[in-house]
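First to last, the protein sequences are chains A and B. First residue of the first sequence? That's 1 in our numbering, and the numbers climb one at a time after it. First residue of the second sequence? That's 1 in our numbering, and the numbers climb one at a time after it.
To be clear, the hints were calculated from the coordinates, so they are not data collected in a lab. Accuracy of the hints is not assured; some may be wrong.
Identical copies carry no separate label here, and so any pair may be met within one copy or between two of them.
When the alpha-carbon atoms are kept at most 25 Å apart in a straight line, the in silico DSS-like pairs for lysine-lysine are as follows [to be verified]:
1. Lys346 to Lys7
2. Lys285 to Lys363
3. Lys363 to Lys200
4. Lys151 to Lys131
5. Lys363 to Lys7
6. Lys526 to Lys34
Predicted model only: the values in this text are computed from it and were never measured.
2 protein chains.
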Amino acid sequence: MDEYLAKRTELIGQDRAHRLDFGRRDFYTAESEKADGIVRRIRSAEAVSVWAADNRAAQDADDVTHLFPGMAFLTAREIIVKTELFSIMSKLPKGCLLHAHLGATVNIQVLLNIALKYPAFHVRVASPLNKTTLSTVRPEFRPLSRSAWTKLPSLTDGSYTPGTWVSLLEARGNFAFGGAEGFDQWVLAALTISPAEAYKTHNTTSKIWDKFESALGVSVGLIEYLPVWEEYVRMFLASSIEDGISYIEVRVMFFSKHMLDADGGATVTHRELMLTFDRIVNEVKHTMAQQGRGDEFIGCKIIYTTLRFIPVEDLYWYTEDCIALKKEFPHIVAGFDLVGHEDTLKPLIDYIEPLTAFVARQKEVGVDIPFIFHAGETLGDGTAADVNLYDAILLGTKRIGHAFSLIKHPKLMQICRERNIAVETCPISNEILRLTSSMPMHPLPAVINHGVPVTLCSDDPAVFGNMGLSFDFFQVLIASEINGLHTMGCLARDSFKYTCLTEDEKAKAVASWDKQWTRFIDWVTKTKSS
Amino acid sequence: MDEYLAKRTELIGQDRAHRLDFGRRDFYTAESEKADGIVRRIRSAEAVSVWAADNRAAQDADDVTHLFPGMAFLTAREIIVKTELFSIMSKLPKGCLLHAHLGATVNIQVLLNIALKYPAFHVRVASPLNKTTLSTVRPEFRPLSRSAWTKLPSLTDGSYTPGTWVSLLEARGNFAFGGAEGFDQWVLAALTISPAEAYKTHNTTSKIWDKFESALGVSVGLIEYLPVWEEYVRMFLASSIEDGISYIEVRVMFFSKHMLDADGGATVTHRELMLTFDRIVNEVKHTMAQQGRGDEFIGCKIIYTTLRFIPVEDLYWYTEDCIALKKEFPHIVAGFDLVGHEDTLKPLIDYIEPLTAFVARQKEVGVDIPFIFHAGETLGDGTAADVNLYDAILLGTKRIGHAFSLIKHPKLMQICRERNIAVETCPISNEILRLTSSMPMHPLPAVINHGVPVTLCSDDPAVFGNMGLSFDFFQVLIASEINGLHTMGCLARDSFKYTCLTEDEKAKAVASWDKQWTRFIDWVTKTKSS
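Same shape as in the complex, but just chain A (with noise of 0.2 Å):
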């Protein structure tokens, strides 16, 4: 029997060798250890408490919440924010954020909020807005030029003739379905998306990315105004840094050629954004410093995105423009990716001949942009979005937006763990997207253990509700029982590795973490222990 263990305890060994965990011992210690014990009991603990609270009773009836560990998050979302588990991830020193799309990262109420205080917003309807349209009719809204601000009234009342624009301000106090509460209400349907649509109306990945776009769509209209846009960027690095993530390479779309200056005119040049962003990262570097949390925050570069369907000559334009940022503002771009619905859009390998040209030209000019493309982001076998794998890999890309689809590839898992080609994870978009219908079901703890690298990332946070990092951390933990404190632990740690940061870099980035860790640990142990 002894000799039976022996051989059993030696092949869990081997099958888990290729773990990000596994024989670590880097930064564990005994205080780590003790506080890795502690997570691991109060998640069981709240196994029972909180997620087999189940009424049973109620199993007939016609509209029954399942509860359980890693259940869809838009339903559990609630219940998360309770639990003692969810305390201790919202702690966690996250490490970088890698995979977020700047358009999607601050919550929408804080949006909102930004944009009440410019008399320039207005917003308009397409068709008559009443209580049965009320779900369906989205707003679009627009800063005007002075000249073209509007007298009306409301966008609910009788006169209202559709696809005519009323001031925010004016719209939002004179709402008819509930005042300005009322307002906000719909502003917020219109822009994230609810567990009634995810899980029931529009509950395929094909459409419930119509609700996604449309979304995306509708908050356009509120951010890409410079007065708002540096408020916005502002709010998504103080939250970021208030979630424990310390760096950041977010996804910046750069399809308009302009965007709108504070009178409304679309006079604001791609060059103007970075400027911008750059006097913003640097203002929130020193702020920190200023307040001796330096080492909490070490910056926030752009990866440069553009949009998967532009015909595929346009690309040219984009790639050029991409170059020209990078000559001046070297520190900021950290990279290149085509971003939209793989399952719909074009694919990578459409856009072949740009895109080797694109590499060819940043030799000749000496820079260097690496790739950082979305692929795999589907359930399709074999479908041009899948194969969009081969086509990211061979372009040389330097990590892979999502990858959901890699683990049916064993070739590319082989040349990702070779290459060090980080997958940037984002479990509870691919959730609400339909890819999984909840966390036991995604194929991260498969990957995890084929030694795939692997980032956790929050992809478009402000619509699916998961600000920060600390949700996500807090579902892949709550999903598997081999996943433990030491497990986050390792995958915000080596987050670094898969950043465009310097050797340099990194390594001062790691020992700041590394500062944050024991300070976390010890936190854990001193108020978490039983």
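Chain A is already provided as a structure; the job is to place chain B on it using the hints.
Chain B in isolation, oriented as in the chain A frame:
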């Protein structure tokens, strides 16, 4: 560009080199290539004509059916049966059925019709049956010895006392809720899983297992009566042959030490069951040979199973019983397994002593009964059910039932590849029992690409409605752009490799299958070309 495309083709080739259908020319012909093309065209056409017929306008309705290829089986079934693709999968020669539980293999209405021929059958309910309890109160069936037959008129009469037996014929004829038809509906609902149960009221693995176990429990009362059992086994074999299955290793439950005889007495021993089983299989083979269809049915062996909740020491009785049966019926006993819900019942490691003793005893007495264990039928990561995979493999399992979580285990996948341990994948079962929400989320495409040997199985078709193997083949074919008719052919043809047949028998069986395949390909190209 040519160079890029060449590298790309090479990479895709390397990535798919482990697939069971890669580079296989052994049974591909110009004709079969043509048939493969026809099937791909039909699949693409039906992806639009059938699976995109979804009414988007109905999105906001409360109860939406979301159509897509590989969608939830219970909702899709009526659509599937009308497709051209299904008509092709129905005709495809399936090879072997290697994972099915005998007690859930015959259509419930057929089973009920068999039982109705025996006046010994009685039925009772544990609590009053009325309109509101109709969906929750389950029938219990039992054949009574003649002296115990009752004269009560009905289960639904006001005078009925819960717990008392009523003649099945009387109870059915006098059923207050729709008469005989209503009675059958009530029984069917108890013995099968409905879409509402799987996808709404019991939409977690744990809840749907409650219903699943309840259904199996009720059906035992109808099946474990020798006169019914005989007809039942015959029906199972006939319907399997009809579906193109030519060889079966079926799991038979030996938990009860005796089955009921014609007079309702618990006197039928396991040995008598084997004698009956042997006789029926021989009769069926004889009939097939007489019809000149001898090569369509090779036979059916039994995998001896008991339940994974029995006290550890009780297992010794079962393993001795299994050895005794193997000695007398070496041509029937194919293997040994423990069954039941892995997430909640005892893990294999608990039974390690009797199981290793069983292996030693087999050597002593000179028999060979391979383990063919269920393992990893779970969403757990590192849970006892997931860890069962290690023990199954260490104990030398010949195949693995489900191995749903195998994709998380790189070392075990390697061992399965090296030792040709096939995974008995039950895609529809996994989906209905909520391990996956749909076929595109199932790990099977990943398992296939990683080169792990696979066979497709139906598990409990009477409960799930996936009679035969046509539905499982259909769901796998439709959910992948890589899979084609050749893939399905490889799955069928290779299934013989993983059986307990001798090498000679396997070769003969494959030769027979090849003949069926040729006829099938001929039929596809003649009748399906458009």
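Quiz item: Which of the stated hints cannot be reconciled with the structure, identified by number in ascending sequence?
Solution: As far as the earlier hints go, 2, 3 are violated by this structure, in ascending order.
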